[in-house]
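There are 2 protein chains.
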Amino acid sequence: MPAGSSPVVVVAPSSFKGSLEADEVCAAVARGLARVWPDVEVRARPMADGGEGTVKAILSAGGEPRRFEVSGAAGTRRAAAVGIITTPEGPTAVLEAAEVVGITEPDGMAVPVTERSSVGLGELVRELLDAGFRRFLVGLGGSSTNDGGAGLLVGLGARLLDGDGRALAATPAQLARVARVDVGALDERLATATFTILSDVDSPLCGPSGATFVFGPQKGVIPAQLTTLDAAIAHYAAVAEAAFGRRVSTERGAGAAGGLGFALQLLGGRVESGAEVVAQVLGLDEALADADWAITGEGRSDEQTLLGKTPAVVASHARRAGVPVTLLSGAVDGRALAGLNGVFAGCFTLPSGPMSLAECIATAPALLADRSEQLGRLWKAASELRPRAGKSRG
Amino acid sequence: MPAGSSPVVVVAPSSFKGSLEADEVCAAVARGLARVWPDVEVRARPMADGGEGTVKAILSAGGEPRRFEVSGAAGTRRAAAVGIITTPEGPTAVLEAAEVVGITEPDGMAVPVTERSSVGLGELVRELLDAGFRRFLVGLGGSSTNDGGAGLLVGLGARLLDGDGRALAATPAQLARVARVDVGALDERLATATFTILSDVDSPLCGPSGATFVFGPQKGVIPAQLTTLDAAIAHYAAVAEAAFGRRVSTERGAGAAGGLGFALQLLGGRVESGAEVVAQVLGLDEALADADWAITGEGRSDEQTLLGKTPAVVASHARRAGVPVTLLSGAVDGRALAGLNGVFAGCFTLPSGPMSLAECIATAPALLADRSEQLGRLWKAASELRPRAGKSRG
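Same order as they appear, the protein sequences are chains A and B.
Residue 109 in my numbering sits at position 109 of the first sequence, with consecutive numbering throughout.
Residue 290 in my numbering sits at position 290 of the second sequence, with consecutive numbering throughout.
For the record, the hints were derived by calculation from the structure and aren't laboratory data.
Quick caveat, the model's predicted, so the values are computed rather than measured.
In this text, a Cβ means the ideal position worked out from N, Cα and C, and glycines have one as well.
Hints are not guaranteed to be accurate.
Computed list of lysine-lysine pairs in DSBU-like fashion (alpha-carbon distance at most 30 Å, straight line) [stated by the list, open to error]:
| no. | chain 1 | residue 1 | chain 2 | residue 2 |
| --- | --- | --- | --- | --- |
| 1 | A | 309 | A | 219 |
| 2 | A | 219 | A | 17 |
| 3 | B | 309 | A | 380 |
| 4 | B | 17 | B | 56 |
| 5 | B | 380 | B | 219 |
| 6 | B | 380 | A | 309 |
| 7 | A | 17 | A | 56 |
| 8 | B | 380 | B | 309 |
| 9 | B | 380 | A | 380 |
To be clear about the criterion: a stretch of chain B counts as covered by chain A if any three or more of its residues have a C-beta under 8 Å from a C-beta of chain A, and this derived list gives those stretches [stated by the list, open to error]:
| no. | region |
| --- | --- |
| 10 | 252 to 265 |
| 11 | 331 to 344 |
| 12 | 378 to 384 |
Using C-beta positions, here's what the derived DEER-type ranges look like [stated by the list, open to error]:
| no. | chain 1 | residue 1 | chain 2 | residue 2 | range |
| --- | --- | --- | --- | --- | --- |
| 13 | A | 166 | B | 356 | 55 to 63 Å |
| 14 | A | 214 | B | 110 | 53 to 61 Å |
| 15 | B | 222 | A | 38 | 48 to 56 Å |
So that you can see chain A by itself, here it is in the shape it has in the complex (with noise of 0.2 Å):
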């Protein structure tokens, strides 16, 4: 970049979460640099990870936004955000977990675990074969169920069926009664349609490092109810794979999303890197192609930083792109310095003095305007040094 000139500038953060989406990220950051060099160019990619703002981040880069009434987890009918884009493979719908059966959303958590379902996902889908979509790119994430991806089966027309032949409600109580899945009324256009399911989670469905035991507890399932509940979802699981004849269950991200996962993988779905995939989807290589340096952040970072989160994401394409990328996240835990060292160049944090949790949310987007400038500042300083006369050493 020649000396005196405004860089480009890829910013390419995920939400801030409990504070900022993604999107507000990127203004706040454009805000600040804009400070520093009026004309600079600024390529924002808001991005996400499969989990809540996937959706937006996603439409940021162009496509039609649609709403469809479904079923939230406990039951209340609630309008569902889903995007529709033009990919190379040609129309696709774009669905968010989060935004049928949110874990940030009041209904859902109103009844316990057990009571909630993920019919409202298959209620969605069908909505979408409706208008005629075949392709799908399914974020998950966010989720306030559990039901091992049953509720999205029943709610795409299979039937979970007791001893007596009796249907049963598609929730995580009564799994251990389930002794067949009837697929027979499956909605049979799921046979040309295709499920990308965008995921950071690696978790498979049952087990100690199953969706239960790992994110059951964040949903509201007591110690107690753990292994009980486990046990529902293992044999539900079973019975669910003998009637697709496939085994999934054990595969990587069957134990997303309370086990959709495993649900759309019955379905024949991928898994996909949901950071990768909205990457893809956004052009972030194109940004960084001839982009002078890059930010990324998140509300905090730490040793999960680099396992596949939304910064390492962009570190890597960056990187192979030949671009300087910096952090500029909430809070960054010094232990995980180590570590981010080797991928940024320089991790900063938002609190311009000691402040609390509840201070730095209120002023969030002050805050990252004023401390991006500040990046900004020293990026141009250091950007412009010259050797001086008179330097002596070599």
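With chain A held as given, fit chain B onto it using these hints.
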């Protein structure tokens, strides 16, 4: 600076009050930078402004530390550190009011401010006169006394007399009763002594912007005492000025250190910016001459920072040398950024995320090293940036 080589970095912070001394700040910053560039050349210039840490900062450039036992503000004997240096003008003693009557000393604060006296500073000057010194740099700031410098004068032989010719104690409580200041017994060697007063305080001795009203409250002067105490000091000052034949109470800096600035000016002292004098003694300009980057900082930066505080002094020297200077403080008031941005190549802070002041102070060395490392990583990436093929903009 050639690509890939390590920079020369001048590190010239003030102390982080209540947390780290300036040399400790230098060490932590150097540690962080060395993680980025193992062979980085750090030129540590621990700064001070005349207040606490001035002797230590000046001795970092060489010289001999000494200690003299003198009276503290409440009369308890204490060992005050003095620095002996050689300047172009000859052997010079560096004194610091905070070493004798420091506000962080439990002794001085144990008695009411109306009973505290700066007599120990007079004793200290006398010890140094005995040792043969005639040139004094006296750092003012961080004092617990507000005696108009009466103690200093008495320590040097002057006498405060009441209307009946009886000697009064050199404490604020007695100043209203001073009818005459007897300078007959003043140490004769003062006639050939020169005092340079190091201060960053512009206040006159009395009035609304004087020592009592501005600095009295933080020393324990209660609101109801302010007017009476200010009037007592004004009374004493007029009497003293008559005795010395000099009018200096309205001079800039007369109100520094509870009026020690007044007393030293009565003795012919000249007020200079503490940080400027320290910069000169430490050879800041020489260090900056062929440096690539400078880092300064303080405990907390706000709208006062640009009013002659150490970072502002360092910044003005760096600007003259053409060296970008970055601010790394414990906290930076967001309202001050607009001004600070005109001076610093980036303003950064210690916290790694939301944290309390206590946590920040407790982990300050590690935070400083980490933050400096991250600044270094960003600096490195930006300074190594080169135009890359395929970039299409001008």
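Verification of the supplied hints:
no.	hint	in the structure
1	A:309 with A:219	holds, 21 Å
2	A:219 with A:17	holds, 17 Å
3	B:309 with A:380	holds, 25 Å
4	B:17 with B:56	holds, 14 Å
5	B:380 with B:219	violated, 46 Å
6	B:380 with A:309	holds, 25 Å
7	A:17 with A:56	holds, 14 Å
8	B:380 with B:309	holds, 29 Å
9	B:380 with A:380	holds, 12 Å
10	252 to 265	violated (count 0)
11	331 to 344	holds (count 7)
12	378 to 384	holds (count 6)
13	A:166 with B:356: 55 to 63 Å	holds, 59 Å
14	A:214 with B:110: 53 to 61 Å	holds, 59 Å
15	B:222 with A:38: 48 to 56 Å	holds, 52 Å
Checked against the numbered hints given earlier, this structure breaks hints 5, 10; the rest are met.
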